[in-house]
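Engineer: Sequence order for the protein chains is W and E. Numbered by this note's numbering, the letters in the first sequence go through residues 1 to 985 in order. Numbered by this note's numbering, the letters in the second sequence go through residues 1 to 540 in order.
Worth double-checking, as some hints may not be accurate.
[Claimed, not checked] Computed footprint of chain W on chain E; a stretch qualifies when at least three of its residues, placed anywhere within it, have a C-beta under 8 Å from a C-beta of chain W:
#1 76-84
#2 364-370
#3 373-380
#4 438-444
#5 479-490
[What the hints assert, rightly or not] Pulled a few chain W residues facing chain E out of the computed Cβ check, cut under 10 Å:
#6 Thr116
#7 Ser418
#8 Ser422
#9 Arg817
#10 Glu925
#11 Leu929
#12 Lys949
#13 Leu952
#14 Ile958
[As the list claims (entries may be wrong)] Here are the simulated BS3-like cross-link-like pairs (lysine-lysine), alpha carbons at most 30 Å apart as the crow flies:
#15 E:Lys22 / W:Lys419
#16 E:Lys22 / W:Lys949
#17 W:Lys949 / E:Lys452
#18 E:Lys172 / E:Lys22
#19 E:Lys519 / W:Lys576
#20 E:Lys152 / W:Lys949
#21 W:Lys633 / E:Lys452
#22 E:Lys452 / W:Lys419
#23 W:Lys949 / E:Lys412
#24 W:Lys576 / E:Lys452
#25 E:Lys519 / W:Lys294
#26 W:Lys949 / E:Lys346
#27 E:Lys452 / W:Lys573
#28 W:Lys562 / E:Lys452
In case anyone wonders, no lab produced these hints; they're calculated from the structure. Note that beta-carbon positions come from the ideal geometry of N, C-alpha and C, so glycine has one too.
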Amino acid sequence: FNIIIISETLFFSTQTVQTHGDCNMNDTENPKESLTQQNEENEDGDSNSYDVILCGTDLTQSILSSALSRAGKKVLHCDGNGWYGGLDAVLYGGGEREGGGGASTLVSFIEGFIATNIEEKIESNATNNGSNDFEEIPDREGMIRLLLKERYGELKIHSETFVGTSSNISRIDGEGHVFMVVKKETDSMNILDFNQTSELESEAKPITKTSDQRSDATLDQNSQHHELTKEAENEATAATCQTHTKNTQMTSHGDDIHDKPQTSLPPQLPHGFVFDLTPSLIYASGNAVEGLIKSGVSDYLEFKSLEGLLLLMAEGEDGKMRSGTSGFGTVASDSGGVIGSNKRRGRRGNRKSSNDVAPDTLDKPSNNKDGDDGNNMNSNSKNTDFDSSKQTLCSNESIPPSLTAYRVPCSKGDVFKSKLLSPIEKRRLMKFLQLISDYGMAIRFGDGEVSCLAEAPSGSESKQDGEGVCVEVGESEDGNGNDDGGGDGAKEFGETTGQSSQSNGSSMEQPGASTITAAITGEEVIHSVNERHLHRGRALSRPQNKAIPSTSDMDALVHCVKDRVDFSEYLIKVAKLPERLCRVVVYALALARFDCLGSGNGESLSVGSRRHDFKRDVDLDGEINDIYGYSTKDGVDDLLRHITSLGRFGNTAFLVPMYGSGELSQAFCRSGAVYGSTYMLRRSPLSISFKTNELKTQSICRVSGVTISGEHRIEGSGDIDTEDVIDKKIACEHVIVPSTMLPSKSFGKSIKIRNHRRISVLDGKLIKSETRNDDNNGSNSEQRYAIVIPPRTPGLNNKSTIHGVALDDSSFVTPQRSLYTILHLTTSIVESQELDNDVEAEILGKAVQFLIASQSTSREDSGLLQECHHFAFSYTTHRPNPKETPATYDASGLHVCYRDEQSLTCDAAFQEAARIFHEICPESEFLGLAKKVEDAIVYRNNDESDDEKLVLDSAVGIIQTPVVDEDAVVKNVAIVEENKDGETL
Amino acid sequence: ISAKVRPQNQLTMHGQNRSEYKSRLLHPETAANLAAKAQQWNSLSHELLTQRRRLFRPPSANVNRVSDDDAASPPPSAEILLTLTEKVLTVNPDPSHLWNIRREMLLYLTQTTSLLYDAQRNPIIVEAKAQMEEIPGLETSLNSIDISQELKLTAHCLQRNPKSYSTWYHRKWSLVYFITHSPITFTKEKQEHIGKAKSILQSELELCAQFLQMDERNFHCWNYRRFVVGVLGSLGRLVLYREDDKMSQADLNSLFDGSWMWLGKTENEGEVNEDWMGAQLARGACSAFGMVQISNHGRSNKVEFQVSSSLSQMELQELIDAEWNFTTSKIEDNFSNGSAFHYRSKLLPLVLKFRLAAARERGRDINYEDVCFETLKLAREEWNSIILNAIFTEPDDQTPWWYHRFIVSWAKPQFGSNMNSEDEVREGVAEEYEGLLYDMTDSLRELLEVEKENSVEGGKVKVESQGARCKWTYLGLHMVLSSLIESKNSLPCENDCKGNDEYKADVSSLRDEAEACLKELRAIDLNRLERYEMLSRVAL
């Protein structure tokens, strides 16, 4: 296997050299081909042509590059950044690393973003046009211009605290004037800003403010901060939050941590942090694991099991806390507004003085530009009162309602232990989960797809399918079951949905349903439930010989799947789960992203109506139903994905990649390089060119190539040859481009989803371990947790599910032996003009505080854990819409890959990669191993010695050694002792 | 690769498909390998037996047959035999005769260490042995075995096969031998020895935890764990040994047999309290120590708590608490674990005792009524925290149901029929007990309701062996109902409530429900038809 590793490094080294040269690389292909290419591409004079050019090194593209190069394609893979991974990348904390702007640090990521926005501003000013000229739709002849690398997915940065260590503070004001304040000036400015902290400012350069990255309309969005929650202010004050308040909050934050209001250093993000732009876990059994093992890429990676999946729920009855946000403030203050308020108030008092100075200096450049800033001025002038009132509110606010993080009951043991459920709920949940897993088993080991089963023509076939016992069951199904069993369920269901025709339809399809039940009740499947799947642990398996599920339940489920019944409807009316349990199932087990409960039934009327209002807001041509509609099939599929991964490894269904999940894309790129892909970093794909061939009557639009940017030398980087490299067009057959790189406008009415992310660094262990209370109160437990916060959580009022991942040094994402926890929060929302995106960012900020509060068991505890750094951003993904493909992207050879929406796992990336792979190489195997590699692996695994034989051989040795006298005996025994140590190991 | 999978990895024995496993073994390459190994092992074990025979052969026989096959082979040595047993047992830890030989050699070596080489030269070992016994001073210094060596070997064997009876037995034997055969003449040495034994036993508990981590249902290991706890409890008797010369070596050995007799000892020497130990154990203890078996049935209201284990009350409580929590965590991992529940049933009386002792320390005078109430309280806790959750999670798992049966019968207040305690007390206790039972029936009825809600009426063949038909729920409900009826009937007659109409209606409705359960069971579980019919006859 060593050979492979060597060749791999060779690949990498050549690639690196090539990226520093011009784009003329890999001249190894046969000259004849290149000649023809040259003729075609005469205007560029480029002799290289590739089968596939991949834009961006996000996970999906990385998988594709590995898969395509395995299939023998000539692949060029380019990325504008200096690191792998795109939006799936890992970025490192801490200051400058060698490599200048290309370094994959969070700081340089932010700085690059800021710089681009400044440029963009200047450009848009020059054209005297407020609109963004990057989104212009390309003409058919030429090309599609891709977004700048910093604008992928319409990235926005909402806020940050103490992440940057840069000396620059750059700001853009409303009219696009750029204020670049270099270090020296920063110092003086900071003296004015925070006169108490001046000396430390000159020493370090701890604060990089969020620059205002967008035009004037979004300027004040940045000032949102998690401590300024909406409930604390009325609408007007929310609008007036200005940069200066943010600044003070930053300092206050630093103070909170160090408990020294004036002299302490604002915390600086140390080295050793690894931040995932998109943290993802993988299911312990699923597309991702399958792909990793099959491709051998798993050799590059390490995983640990997730310690627990937690669900943040209101304590006690769910309904009580549901009353909404209006009651929240009082609840919060009742539940303990007194905590620590004295301490805090004292510190606030000190800070006020700094507040008074801040607005005059910092905001002056911007405050006369437009109305918004004028508002700010007003608020600034009266900020003493305003702030003090807000402070008391804030201190109330920081104590969220009593939400508790419950362990999600997935397996039998979890259900048994769970404190979340009452006995009767446990029974219902277990019944339901076992039914689902039986259903999954039936799909997998029965007749294949559900649809096949459902469309099975007659009852007689069901008899043929299962012999012996099955016949008996089949008969009873045909005789009585038709009317009593499935018919009952269907009828009942038909009534509830009020669709009378439905019961008719479903009874027509009855045979299909009985086939599936026959497949389950048939002897062979019983066998499989007991034996074949015992190795999966005891996640859900029934006791031995008790494997027959209720046939009528199964019939009802099959019908609901077929009739595309709403999942919540199924759960409540057919599976008869109480509402609370539905929430657990939908959000924590099926891991649904959007609010898909609470329609229709009276119990959650208030909530339901609120949801409908929201629906009306964003409803465009009824498409919204596609998002919020969550059919039984979707739900069951999601559930199955989770359930089948249980009991494979550890206590949960998930694996955590070590060193950040960005390692996944790096690993796939590496394996792509092993198979001959060419990699170019720091080369953005700028545009895709097309060529129209007139063939007889129809014209075929084909991809002809991709223009890839030259290298912009970063100032000061003392590289060997520092001249800029010019842009170059490279010819290719296929282009794979992620939807996030395409101008958003061209997607028309297809659904855009804004993914909000917040990366928080907490200065302690977040989740307290339940089991190991004895040692250190569980505060040193390893942090590998996933957290689900369902929609409409009281106090948060979040529209969609919030997914959280908490990690620490056990997965090597924080400095070793440190106590930090990195908390990733993700939520998403359908993008629309009216919606204020910063609301979500703010909700995420609040969610962090809620989570901290949920873990502090005692009141004294509550002040200990703090969020000391954070970084909030958002980007847009698109949902593929088969009905409405953007017309311009219709060209053959162009493959748009869609990024998965918010998800705890990255399994969807594998699915998407497989889809595109089969478009390009319909015949080949996805991610197959080459023979040579396979042999190496077999050879490596073969090396196993038989220690039993060694022991026996040595025993024979003893007997055969002639023992002459007692000295020899002693000697011999001594030798044997030695041997034995080795053997017994 | 598949052929290379180790055929005898016993740790993964659960959940393997028998036919797959077999076919792996039948793979030609694997089979040939195994056969070669088996032959080698056989010849080794044969060699071992031969050598042992030669070692113990009377000199006369030796003279007769010296010209045979033995002539060429080296003279036998106990050390070599010991090493051989180690090797052979490492590969296959099951044959108990080989363990016997090992023990024989160990004893032989400890008793003849100084004379070994003489013995080798001079084949008259019997004489040597006799000689040695005549030297009284020798015994104390030589009578111990290398315990760490034995623990290491058995641990290794158990890793291979965690369910080997003979290996577990050897481990027990080694421990007991080590503890009981030691320099115990001087107090200081004795204390050192006890300290060492204690630390070994503690690490044994950790080892058990490790084994149970790998397979939480390994009853061998659970048994061993109870043995270790028993020995820990008995350890203090070692201090008494030889100070009062009451106990012989045989008594000492029986003290360390792993039974929990030390727990049964009451303050008054010579009495064994049945309530703490369960009738069976108490009987054993009585026969062993010639003590009087007592039970609360015939006793006054005073209850004694003293335990004459040398472990302090505190240590003992810690030990029992740790064990109690251990079973809890194991049951939480997987409640389908009969061994854990069994252990819990053994610990339950002790937990009760410590609670009562704690109450007594707070200055309360404990009488029998308090014992009953505390018992019921504990039973209720077990019902609420474990049984209820387990049966609602998986009603078809029989394990929690068995524990349920135990709890119901354990919690039943015992009033001897000839005992004239105050009626008020009896009524109060009975009421509490019936309250618990009524709660159980409510939950069980609820469970049945949920289970039955989707079942199809009629037409279906309700056969227990073909799937979940709530057999255990019906059984459990029937048991609770019968207990209720029994409890109601056992109330003293002078209360006149038996003539009461309300009472009659109450009992008869309970009877009807119990009979309904049996009827259902007869339909579900055809294999045990006779049993249900018998139960129904008994009720009548």
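Engineer: It remains to establish, for every hint, whether it holds in the given structure.
Structural biologist: Against the structure, the hints:
1. 76-84: Answer holds; 5 residues pass the 8 Å Cβ test.
2. 364-370: violated (count 0)
3. 373-380: violated (count 0)
4. 438-444: Contact hint for the region 438-444 of chain E vs chain W: violated, 1 residues under 8 Å.
5. 479-490: violated (count 0)
6. Thr116: violated (52 Å)
7. Ser418: holds (8 Å)
8. Ser422: Because about 9 Å separates Ser422 of chain W from the closest Cβ in chain E, which is inside the 10 Å limit, the hint holds.
9. Arg817: It is violated, given that the least Cβ distance between Arg817 of chain W and chain E is near 26 Å, above 10 Å.
10. Glu925: violated (20 Å)
11. Leu929: violated (14 Å)
12. Lys949: At about 6 Å, which falls below the 10 Å cut-off, the nearest Cβ of chain E leaves the hint on Lys949 of chain W intact, so it holds.
13. Leu952: holds (5 Å)
14. Ile958: With a closest approach of 6 Å, the Ile958 of chain W hint holds.
15. E:Lys22 / W:Lys419: Answer violated: Lys22 of chain E to Lys419 of chain W is near 43 Å, above 30 Å.
16. E:Lys22 / W:Lys949: holds (21 Å)
17. W:Lys949 / E:Lys452: violated (57 Å)
18. E:Lys172 / E:Lys22: Distance of about 33 Å is beyond 30 Å: violated.
19. E:Lys519 / W:Lys576: Cα-Cα ~29 Å, so holds.
20. E:Lys152 / W:Lys949: The given pair, whose Cα atoms are some 20 Å apart, holds under the 30 Å limit.
21. W:Lys633 / E:Lys452: holds (26 Å)
22. E:Lys452 / W:Lys419: OK: Lys452 of chain E and Lys419 of chain W at ~25 Å, within 30 Å.
23. W:Lys949 / E:Lys412: violated (58 Å)
24. W:Lys576 / E:Lys452: holds (13 Å)
25. E:Lys519 / W:Lys294: Outside the cut-off at roughly 56 Å; violated.
26. W:Lys949 / E:Lys346: violated (43 Å)
27. E:Lys452 / W:Lys573: holds (17 Å)
28. W:Lys562 / E:Lys452: holds (25 Å)
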